[in-house]
Structures are given as C-alpha cells and as structure tokens.
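Peer 1: So the chains spell out like this:
2 protein chains.
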Amino acid sequence: MSVTAAAGFEAAGVEAGLRSGEGPDLALVVNRGPSAAAAAVFTSNRCTANPIIWSKQVIKDGVVSAIVLNSGGANCYTGMLGFQVVHETAEAAGRVLDLSPGDVLVCSTGLIGEQLDSTKLVAGVARAAGALAEDGGGSAARAIMTTDTRPKQAVRRGSTGWTVGGMAKGAGMLAPGLATMLVVITTDADVESADLDAALRAATRVTFDRLDSDGCMSTNDQVTLLASGASGVAPDPDEFQALLVDLCRDLALQLQSDAEGAAHDVAIEVRNAADEDDAVEVGRAVARSNLFKAAVFGNDPNWGRVLAAVGTTKAAFDPFGIDVAMNGVQVCRAGQPDQPRTLVDLTERAVSVVIDLHAGEASATVWTNDLTHDYVHENSAYAS
Amino acid sequence: MSVTAAAGFEAAGVEAGLRSGEGPDLALVVNRGPSAAAAAVFTSNRCTANPIIWSKQVIKDGVVSAIVLNSGGANCYTGMLGFQVVHETAEAAGRVLDLSPGDVLVCSTGLIGEQLDSTKLVAGVARAAGALAEDGGGSAARAIMTTDTRPKQAVRRGSTGWTVGGMAKGAGMLAPGLATMLVVITTDADVESADLDAALRAATRVTFDRLDSDGCMSTNDQVTLLASGASGVAPDPDEFQALLVDLCRDLALQLQSDAEGAAHDVAIEVRNAADEDDAVEVGRAVARSNLFKAAVFGNDPNWGRVLAAVGTTKAAFDPFGIDVAMNGVQVCRAGQPDQPRTLVDLTERAVSVVIDLHAGEASATVWTNDLTHDYVHENSAYAS
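Keeping their order, the protein sequence lines are chains R and U. Per the UniProt record's numbering, residue 1 is the first one in the first sequence, and the count goes up by one each step. Per the UniProt record's numbering, residue 1 is the first one in the second sequence, and the count goes up by one each step.
Next comes chain R alone, as it looks inside the complex (with noise of 0.2 Å):
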C-alpha cells in the first residue's frame, strides 16, 4: 500500500522517542531506481522550518534518493542549530545508505520553537534503515502520524503497468500555500523530474492547495513525488497527470475527513465566476468564516453568513445576482431568500453549499470543516 504499492521503494517507520507520548515518529522513504527522478512542492510560508530551507536546496537537481520524516518537533525558528540537526539527519540517512547526503529530503512536524535531539534522531534513521521493506509503506504512514487519528493512504494503477501511491499527514494548521502536510507519493513510472514537477504543481493546485480546514497555514508543509522507472514504462502524459489528481484528491479528502476537532466535511462550489483565482477567492472566504463554520457545527443553515463571506472579496459578482444552495435547497436566489432554511439538514457530516456568481464560467470547490469545541480543545492544548 501506500509509498510501496510501486516497484523500486522500499520504506520503514520506527519509534525514535522524539515525541513525549509512545508509538512510532520517523519514517524513512527510499527510492531504490532505477531513476531518482523527484519533484517537491513547499509551503509558501515565509517562515519555513529547517527542513524546508534544506530540501529546497536538495531537490534543485531534481534527484532524490530518499526521505526521512519525522514526528515530534517542527525543527521551525531553531535556527543555526535547527538547521544543523537536519544536515545530521540526512547525513546520518546518506552513510547508512550508501547515499550523498544532498540527494536526502527532511521533513518535521510538530511544535515550532523546540530543538530537536539530533542524537535519537540519528539512531532513529539507523533503526528505520535496518527496518526497510517493501511491504513498509503502512509502517511508514503510521508514524508520520501527529493528531491525526488514522493513516491516510492511496493507490492507483495506471493502465500500461505502472503505479501511483502516496501517504500524507495533516490534521491541523491545514490551509493551502502550497501544501499544508506532509505527503510522500511514489511511482514506478519512468518520468523525468521536470515532468513530473510539472504534474505535481498542476494537480497540488486544484487537491491540496483547495483544502482549508482551518485557514491557518504551516511552516513546515512538503509534498514530493518521487518515480523508480522500476515498471519500466513511460506512462501517457494525460493519464499519469489524470491519475496523479485523482490520487491529490482522495488523500487531501482523508486529510479533511480526519481534521482536528471537526464534525462536518464541508464542500463549497463556486459556480460561474468570472474565472478560476474568483471562484477560489469567494470559496476560500466562506472556508475561513468562523461564524459560517460555527453555525454548521450547530446544524445551522445560516446562509447569511456565506453572504456576508463572498462580500469580503473582490471576486466579480452582483450582490443582487448571487445564489446560495446548502445540501441541495436553494435557500437565496438573486440576494433574497427562496427557500424555507428549514428544509435544510446539516445532521451528516458531508455538507455542499454550492455558491453561484452568475459573472462567469470558471467555477473551483474549496473543502473546509466546521468550527467546533474538540477543535478549540484540542488547540489550545496542543503544547501541553
């Protein structure tokens, strides 16, 4: 499953004892070839953590060879230190190897401002090295794990003979620019990395980056995709960049579906905008309405407050022209109210609010989560 559904990956994840609590918290990717081909996408951040101003400069040359990730601090505003116990990291990963140190990527989760103990950390790489198997992937899903209440996998096969699978983590802070998460996705198609740098950008823009359960954006947020060429087969353009979105997508709706504290899974369409950034725009408002997503936790289908989100945007639109429809029932036409707000069931968990411009033909859908009292439970005891 997961990172190992593709020939030429092998994975592990481990207890190094970075976090205060048990279980496992580093996990360990490694692209066995033939080809190293890999791409990467970064939080956009301007306070990026240690690991991300590292693999930055490890994936300029488009070759990676292998990913540690570990759990338990963000290794984020630790400065030189920090930045030190990441170069240790991916050293300690590159000698037990048999890999250059540059051709590692690192990524940390956790709480920003805490030194990470680069020794647990540099025998937590040896272990998960001793631990590597081809059937690790479940492993390593497992301990990227934070908040989160279950591993978040997928997988899909492409038609001449190859595969895509990915794991991801992501509970809190889940807000787009890029990223948000972290998220390893493998293949063992025979693509070139500035292919697949172009794939993972398009379908990273309309999967992870439209999820925004929270509005509050990461540090420390990576996605990479790393390809063997282990199949053998260069797969179409179309159906790899196909398959890679579909993929983005299902692992982005598992990352929703777990978020911190929520009870609802909320779908916003943005229909007939003037283009694709307004349709973005107007969802992403309504996303990061507390009030909106107070009221769908209550079951309450205040669609008011969706008017009063889509009104802080500079998307083009008639204030007189825009409809509203939750779960199906129209409850606005053209700025007045249609239907009966009653006839409105918020009691699932999956809630559509569908938002029509009538100023265009673009349209996007943003997926967010309510506001509820676990998630300011569990957020405002997070350190502790």
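Keep in mind that a hint or two might mislead.
Same chains, same label: a pair holds when it works inside one copy or across any pair of copies.
[Claimed, not checked] Straight-line Cα separation of at most 27 Å, DSS-like style, residue types lysine-lysine; simulated pairs: (1) 314 x 120; (2) 56 x 314; (3) 314 x 60.
Hint data in this document are derived by calculation from the structure and do not stem from the laboratory.
Using the hints, position chain U against chain R.
Peer 2: Quick look at chain U alone, frame taken from chain R:
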C-alpha cells in the same frame, strides 16, 4: 450619558417586539440643532444590508436629523421588500418628528435573510418619538444590544465647553472594513459636515478598524457622528480629533471586552514595520489565526503560531530578524527561542503580544480575542 451627553440631542429606547425575546429593541436619536451636520462610515462588505444602502444616500448631503436603530433583524438580503421597510421606517420617523425622511438614518442588526415586520417597526418609531428625553442616552444604548451583555457608552469633554459622547453595540462579526458595529456619536461642538467626515475617518481608521475579534466582517455596520452645534463652540480641530480618537478607542475596547464568548482580550502590537499598512497586515494576520487564538484560550504561549501567521503576510521583514514577546517575556529573538515560554503567564484576561519586525519605524496595534468554547457555542446557536 452617551449620545445625550452633548447638548441638543434627545434619545429613547423602546420595545418594538422585533426580537423573539423580551426587552427594548428599537432606539431613536434626534438632533435638535441648531446644526444638523453629520458624517458616517459604513462596512466595506460588498454584500450590504438595506439600511446601509439607504443610509449611504441620506449621508450624501452631510445633513442628518435623526437615527433609528433596531435589533431583531439585519434587513440584509431581503430584496426590494426589505428596502421598502427601511423607507417606511424613515418616513415614519419623519412624520412623527416633522422631519424630511431624507434626513433620517436607519441601522439594523440581527439575522440576515429574514424580513422585518414593518408594522411593528413603524409603531416602535412612534413609541420611541413619544419617549424621547434629554437623558435618554442610556435607554437607547440598551435598546441596540443583541448578544452584548452590557451597554457601551463613553463621553469626553472639550476644554472650551463642548462635549462628545457615544454609544456602541457589537459582540460578534467584529472585524473591520470599516466599522463592524453600530455606533452613534454625538457632539454639541459646531463643526461642518466635511470636517466631521475627515475627523471620523481618521478616528475610525486607528480604533474601530483595528478591532478584529473574529475576522468576520458584517453587512450592516455603521459609525455615525452627529453635531448639533448647541454649545455654540467651534472646537480646536486638533483637540476635537484627539478626543474623538480617544472616545472611539474607549468604545472599541468596550466592544472587545464584551466580545461573544471571549476569555482574553489580546492586544497585538507590531513595531518597527516598514510602514503602517505592513504593521496592520501583520497584526491582523495574527489576530485571525484560529490556532493562535485557541492557544491563548488554553493559556498556552505558543509563539510558533504567531510566527506562522506573520509568515503568511506580504509585509517587509527578514524571517530570521523577528522578535516576539508575550506578556513581557521575550520568547523569540531574531527567529530563535530566547526566554523560556514557561515564564509567560496568560491567566489574566489581558494579553500583550509585541512583534518587532526590525524593518522600519512604523507601528500599529490590532485588538482581538481568543477562540473559546463559548464562542463556538454562541455562534452555533445564534439563529435558533
């Protein structure tokens, strides 16, 4: 007190039966002159309520003789019928007060997308006109409350025999753009409407516009300044501006301290920004981070969430040149941990966050609240 502290004004608050519960829900403020100069600022939300659409026309000539304010319904997205209700309200006030309806402002607050009962409104206006009193300010301030737990009032006295006083309501949907609340300020100073407008805009820019309790911009908000000239004094412009800013800040902080469900009042001071816009952008980004706000609720000095929010802005700064202090403890210096976070005591209601960007000489303070269980509860149950 409040809107009747200045000479030349009468006010009343009555029960019009617009709200589901008992209690006053309609306020009337009348300027008896000799001057009827006025200025107003409105929400920048593009989805505006009918009373906003009406009031923007009324204020154009800088002449206002009366304001009707109701709770129990926002009269927003209620179509042509909703606009007609505003018109009838102004006409009713004009009739009973012998004024032009075109000199009557209307403000409404409550649920979006529900029609107000115009019969009740018109009867309420007549009842309020009969109850007008030179000491009616307190009664009016209570009648505009919705989820507010207490009336908000403030008065300042000029050094040359003039007075400025005001009342405000607002407990949720508190984010600027501008206004985000209903505020009426009156003065007996003799000031022309153009000067009132300039003074009001300058004052709201650094007070109500810097209050960002929950990031949600309202469709109905309005801050109005009425001048009767009854003191016969033309105030020193600098003193008038200074007292108006002081009064607006007082009312804004009263709104902050009564924000729905809040357990902490947070002042985010951004220092040494390249310009004031940068300082406000950074302060607002932190004020809108649900993760930061939930951490404050949990008395958790999670300064990483401050930096993660700062990193989402376009403001000028070196990510490794930022200092952060919380309640006087320098938790981060030059992007690295400094004093231990365990020294920060967040048990008091007032919380201070100081962010030094080291990028210039501008500064700004944004006021917000924490994200609490009570906020989620109140806003998930509002419509019911």
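Peer 1: Now look at each hint and say whether the structure bears it out.
Peer 2: For each hint, the structure was consulted:
1. 314 x 120: Neither, since 49 Å and 37 Å both go past 27 Å.
2. 56 x 314: Answer is between; shortest inter-copy Cα gap is 21 Å, intra-copy 33 Å.
3. 314 x 60: For residue 314 and residue 60, only the inter-copy Cα distance (25 Å) is at most 27 Å; the intra-copy one is 36 Å.
In the structure shown, a violation is registered for the earlier hint numbered 1 alone.
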